[in-house]
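Engineer: Just so we're aligned: 154 in numbering that gives the first Met the number 0 is position 155 of the sequence shown, and the numbers increase by one with no gaps anywhere.
Don't take every hint at face value.
Said to hold, decoys possible - Keeping only pairs whose Cα atoms sit at most 25 Å apart, straight-line, the calculated BS3-like set for lysine-lysine is: (1) K291 - K272; (2) K272 - K297; (3) K179 - K234.
Keep in mind the hints are simulated off the structure, nothing from the lab.
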Amino acid sequence: MMVKHLDAISPETAPHRFYVAFRYVHPLVESCVNEMERDGVERVVAFSQYPQYSCATSGSSLNAIVRHYESEEKTFNGVESIELPSVQNNSPGPIWSFIDRWPVFPPLVNSFANKILDELQSISDETERANTVLIFSAHSVPLSVVNRGDPYPQEVGATVHAIMKQLNFSWPYRLTWQSKVGPAAWLGPSTVDTLYGLSRLGYRHALLIPVAFTLDHIETLYEMDIEYCSEIAAKAGMVSVRRSQSLNGDPAFSQGLAELVLDHLRRGDPCSKQFMLRCPMCTNPSCERTRKFIMAQKERVHEWTTLHLPSSEHVRLCRYN
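Please model the entire structure based on the sequences and the hints provided.
Structural biologist: See below:
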């Protein structure tokens with residue numbers, strides 16, 4: 000749906016095609032890159048579906064792209080060797096750019112706000128609706144990642160603030176963190192502890208918002224819907240714990256994504272300004288190589304933009320990252 004919208008609003012760069020790549024399950028990043036090169040793709044936008052950037056999520060996936068180009072054996076964490084496309088050795092390869100973050104992009108904020116209002120308006124009891132606490136639940140990360148200078152907590156907070164501003168701050172709210180794994184310290188407070196704490200303070204109604212997820216998956220459909228909204232809610236003594244619907248294929252959201260891609264193409268930048276600033280305490284050499292890789296694309300990106308979107312020089316662009 001996003002690609003159809005993009006074809007309609009940017010015929011100069013059409014036709015557009017999407018490829019899906021995952022970090023740890025098939026189709027892997029490596030297979031995706033090779034498929035694009037076999038198809039003769041000229042221009043690639045690596046569009047992270049994490050609105051808020053973290054080295055542990057978007058950063059890891061972008062690093063994987065660059066490591067793939069650097070690797071002679073084309074292997075991936077023990078995964079079987081991936082065949083090199085024949086065109087790769089005789090071509091400069093696609094022109095790359097990254098949409099590495101978009102935490103306050105207006106269609107994202109508006110879509111979340113609308114989903115929240117839809118769920119609140121489904122509550123028939125006006126007293127319950129007025130006394131519902133909004134809990135923005137995002138995937139947590141280890142404190143070791145945060146303490147290196149990872150911007151993820153601030154960017155999630157920026158999304159939450161933008162949504163609440165859209166809602167005129169009409170409900171009390173908190174930002175919490177979920178999905179901790181292992182014994183190490185992770186970013187808190189946890190969503191589970193927050194539900195227990197709210198109950199202890201006398202609150203009985205809560206609405207969970209999956210603010211760092213745009214699509215349904217196990218952490219919304221099972222962890223939030225079953226564990227938090229049902230099991231933990233009952234144990235904590237909450238009367239009702241609901242979840243706002245994920246954005247998924249919402250038409251307005253899909254159109255917004257197309258607008259974001261077009262804005263990125265018109266801008267002619269290889270990545271955001273923030274992406275070039277590594278975490279101050281970063282010790283991962285892949286992060287440095289990825290930034291060198293994308294900056295090496297700068298001239299090619301500019302030339303492509305001038306050729307295909309010459310009117311972009313006169314378009315007033317807004318930054319959302």
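Engineer: The structure should be examined with respect to each hint, and the outcome stated for every one.
Structural biologist: To see whether the hints hold, each was checked on the structure:
no.	hint	in the structure
1	K291 - K272	holds, 14 Å
2	K272 - K297	holds, 13 Å
3	K179 - K234	holds, 20 Å
Figure legend: structure checked against the earlier numbered hints; every hint is met.
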